[in-house]
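Each protein sequence line maps, in turn, to chains V and X.
Offset between the first sequence (1-based) and our numbering: plus 54.
Offset between the second sequence (1-based) and our numbering: plus 17.
Check each hint, because a few of them may be wrong.
A few chain V residues facing chain X, derived, Cβ under 10 Å [claimed, not checked]:
1. 96
2. 194
3. 340
4. 344
Computed cross-link-like contacts, DSSO-like style, restricted to lysine-lysine with a CA-CA straight-line distance of at most 27 Å [said to hold, decoys possible]:
5. 104/V to 145/X
6. 193/X to 105/V
7. 193/X to 67/V
None of these hints come from the bench; they were simulated from the model.
Here a beta-carbon is modelled for each residue, glycine too, at the ideal position from N, C-alpha and C.
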Amino acid sequence: MGKTFSEKLLGAKADREVQAGDVVTVSPDFILSHDNSAAIIKKFQQIGVKKVRVPHKIVIVLDHVVPASSEKYALNHKIIREFVGEQKINNFFDISTGICHQVFSEKGFAMPGKLILGADSHTTSYGAFGAFSAGIGRSEVASLWATDEIWLKVPETLKIEMEGKLSNGVFAKDVILKIIGDQGADRANYKAVEFAGKAAQEFSIASRLVLSNMAAEMGAKNGYFPPDNKTTGYLKNRAQQPYEIVSSDSDANYESILRYDVSSVVPQVASPHTVDNVRPVAEVEGLKFHQALIGTCTNGRLEDLEAASRMLKGKKVDPSVRVLVIPASREVYLQAMRKGIMEVFSEAGCVILNPGCGPCLGAHQGILAPGEIALSTANRNFRGRMGSRDSEIYLASPATVAASAVEGKITDPRKYS
Amino acid sequence: MEKSMISGRIWVLTNNRGELIEDIDTDQIYHNAHLHITEISEMGQYALGNLKGWEDFSQKAQPGDILIGGRNFGAGSSRQQAVDCFLSLRLAAVIAPSFGAIYFRNAVNSALPVFKCPDLKEYVEKGKMESGDRIEVNYRTGEGTVVNKRFDFFVEPMSDVQEGILRAGGLFNYEKTLNTT
Numbered sequence: 055m056g057k058t059f060s061e062k063l064l065g066a067k068a069d070r071e072v073q074a075g076d077v078v079t080v081s082p083d084f085i086l087s088h089d090n091s092a093a094i095i096k097k098f099q100q101i102g103v104k105k106v107r108v109p110h111k112i113v114i115v116l117d118h119v120v121p122a123s124s125e126k127y128a129l130n131h132k133i134i135r136e137f138v139g140e141q142k143i144n145n146f147f148d149i150s151t152g153i154c155h156q157v158f159s160e161k162g163f164a165m166p167g168k169l170i171l172g173a174d175s176h177t178t179s180y181g182a183f184g185a186f187s188a189g190i191g192r193s194e195v196a197s198l199w200a201t202d203e204i205w206l207k208v209p210e211t212l213k214i215e216m217e218g219k220l221s222n223g224v225f226a227k228d229v230i231l232k233i234i235g236d237q238g239a240d241r242a243n244y245k246a247v248e249f250a251g252k253a254a255q256e257f258s259i260a261s262r263l264v265l266s267n268m269a270a271e272m273g274a275k276n277g278y279f280p281p282d283n284k285t286t287g288y289l290k291n292r293a294q295q296p297y298e299i300v301s302s303d304s305d306a307n308y309e310s311i312l313r314y315d316v317s318s319v320v321p322q323v324a325s326p327h328t329v330d331n332v333r334p335v336a337e338v339e340g341l342k343f344h345q346a347l348i349g350t351c352t353n354g355r356l357e358d359l360e361a362a363s364r365m366l367k368g369k370k371v372d373p374s375v376r377v378l379v380i381p382a383s384r385e386v387y388l389q390a391m392r393k394g395i396m397e398v399f400s401e402a403g404c405v406i407l408n409p410g411c412g413p414c415l416g417a418h419q420g421i422l423a424p425g426e427i428a429l430s431t432a433n434r435n436f437r438g439r440m441g442s443r444d445s446e447i448y449l450a451s452p453a454t455v456a457a458s459a460v461e462g463k464i465t466d467p468r469k470y471s
Numbered sequence: 018m019e020k021s022m023i024s025g026r027i028w029v030l031t032n033n034r035g036e037l038i039e040d041i042d043t044d045q046i047y048h049n050a051h052l053h054i055t056e057i058s059e060m061g062q063y064a065l066g067n068l069k070g071w072e073d074f075s076q077k078a079q080p081g082d083i084l085i086g087g088r089n090f091g092a093g094s095s096r097q098q099a100v101d102c103f104l105s106l107r108l109a110a111v112i113a114p115s116f117g118a119i120y121f122r123n124a125v126n127s128a129l130p131v132f133k134c135p136d137l138k139e140y141v142e143k144g145k146m147e148s149g150d151r152i153e154v155n156y157r158t159g160e161g162t163v164v165n166k167r168f169d170f171f172v173e174p175m176s177d178v179q180e181g182i183l184r185a186g187g188l189f190n191y192e193k194t195l196n197t198t
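Could you build the full structure based on these sequences and the hints that come with them?
Right, here's the structure in full:
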């Protein structure tokens with residue numbers, strides 16, 4: 055019997071044959087954390103070790119509340135800056151660079167065949183590059199800083215075979231919302247996901263990141279895409295290290311194989327308060343909302359901003375709606391600016407915010423009041439996530455969010471494409 | 018024989034229709050407004066503060082109480098405060114049919130006993146487990162009893178790693194024991 059990607063990669067790291075269900079002790083290639091590094095530092099100091107074991111494996115990106123919105127966040131950032139200085143952690147990206155998952159990718163840390171662990175649930179994103187990347191907790195990161203070792207259970211794998219071609223006005227976001235809606239928010243708990251099939255290879259790197267990012271919303275440990283020319287092309291002049299592609303065997307043992315024809319997918323919307331509460335846009339069309347968010351680690355890349363700007367070019371957002379645009383990184387910001395996309399947003403009446411997580415997790419920059427509704431390109435619509443527990447969040451693609459912002463109510467973007 | 022029992026009074030997280038609440042995510046367990054807090058002792062007051070009908074849980078809970086939740090408990094963010102807030106209240110365990118994967122790991126590593134109990138929903142529906150009942154769970158065999166109702170149930174027994182970390186009092190201490198043997 056052949057092996058899945060996860061069995062092969064974790065086996066290679068553990069230096070023995072493994073199969074799903076085995077527990078391995080492994081050493082990761084990179085360890086990511088963000089503003090929560092302040093809490094991790096506190097845990098690390100409890101361990102009683104003076105120095106981090108391998109400074110160059112540690113990557114810290116400040117993105118959650120940037121610039122600091124209060125004295126407490128400012129103090130947390132200060133503690134982190136002092137720590138990275140003392141510990142000689144060179145892979146530190148301060149508040150000007152962007153959202154950790156985008157920065158980590160752009161700076162070439164996300165590579166095929168690497169084991170990446172991060173103190174953020176959307177660390178699954180790097181599966182888009184063929185890495186095994188999973189979110190872990192704060193104590194585990196502190197422990198990794200100290201010991202460079204961690205226990206992991208080799209997950210079973212769910213394979214998602216995608217065929218067909220997307221219709222106009224339908225995007226990667228619609229595909230992953232459709233899958234999560236069908237399968238449920240816990241379908242892949244403790245499991246790895248492999249995206250496969252011709253349609254998977256058709257997706258751009260940016261689109262693959264959407265699916266891998268949101269694999270976390272099915273409970274997945276990882277969301278792997280087989281690396282190809284697009285992967286190696288993206289990594290040219292970016293890769294931090296040499297890398298080797300790890301692929302599944304054709305006779306690997308899967309927990310299940312799910313098949314999707316993406317040509318039949320229509321624009322999707324996830325309604326409050328769970329990500330699997332998904333229906334076609336037609337069923338929520340006409341719903342009025344107060345705030346739109348275009349950005350986040352899910353949908354803040356250039357192709358997302360381009361799709362949104364096509365809906366907004368030469369138009370104005372409805373006066374009843376506030377539209378927040380947040381490029382995922384400074385690199386994306388610059389690209390969008392040079393292409394004139396930022397001008398389109400500003401002329402349409404959008405508020406352009408600095409790269410970061412912004413209001414996605416309800417910490418600052420556009421908190422919702424009781425009774426307010428947001429339509430967002432983010433990955434989560436949990437109750438109260440963007441502010442008041444009596445507010446609501448709907449999730450959709452950048453095209454759907456932008457088209458809806460023009461009308462002031464949820465609408466199908468296909469009529470504009 | 019070392020102690021391998023956990024016992025306590027239970028809180029069954031039900032909605033206003035008496036159904037076990039599913040998909041209780043980390044934002045409902047520990048709201049993002051309190052994420053800047055790094056002291057565990059300060060976290061307990063916010064436990065379940067964003068879960069409808071359970072906002073006052075931290076005032077009601079006593080040390081040693083056990084939480085009973087629905088399917089996919091702790092879905093979402095990797096925030097460890099969602100585990101730490103229960104440690105802060107000194108809860109004895111959390112039992113649910115299934116957990117968010119990162120949540121489960123965080124709980125194991127923090128020595129908060131967590132048990133998967135696949136048939137939990139049925140027990141609650143049939144009134145075999147209600148808030149205020151007292152239960153006992155043997156974490157090695159997975160045998161449980163609702164003491165005041167003399168009702169027996171099963172949870173998945175702890176893995177060796179989970180038990181080892183629990184006995185050591187957390188991942189950091191566990192690693193120390195590994196390094197000295």
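To see whether the hints hold, each was checked on the structure:
1. Annotation: residue 96/V was flagged as interfacial toward chain X, and the flag holds, the nearest CB pair being 5 Å apart, inside 10 Å.
2. For residue 194/V, the interface hint holds, the least distance from its beta-carbon to any beta-carbon of chain X being 6 Å, beneath 10 Å.
3. Because the smallest distance between the Cβ of residue 340/V and any Cβ of chain X comes to about 27 Å, over 10 Å, the interface hint for this residue is violated.
4. At its closest, the beta carbon of residue 344/V sits 19 Å from a beta carbon of chain X; the interface hint therefore is violated under the 10 Å criterion.
5. Under the criterion of a C-alpha separation no larger than 27 Å, the hint pairing residue 104/V with residue 145/X is inconsistent with the structure, at around 51 Å.
6. A C-alpha spacing of about 17 Å is found between residue 193/X and residue 105/V, which places the hinted pair at or below 27 Å, so the restraint holds.
7. For the hint linking residue 193/X to residue 67/V, the alpha-carbon distance of about 23 Å falls within 27 Å, and the restraint holds.
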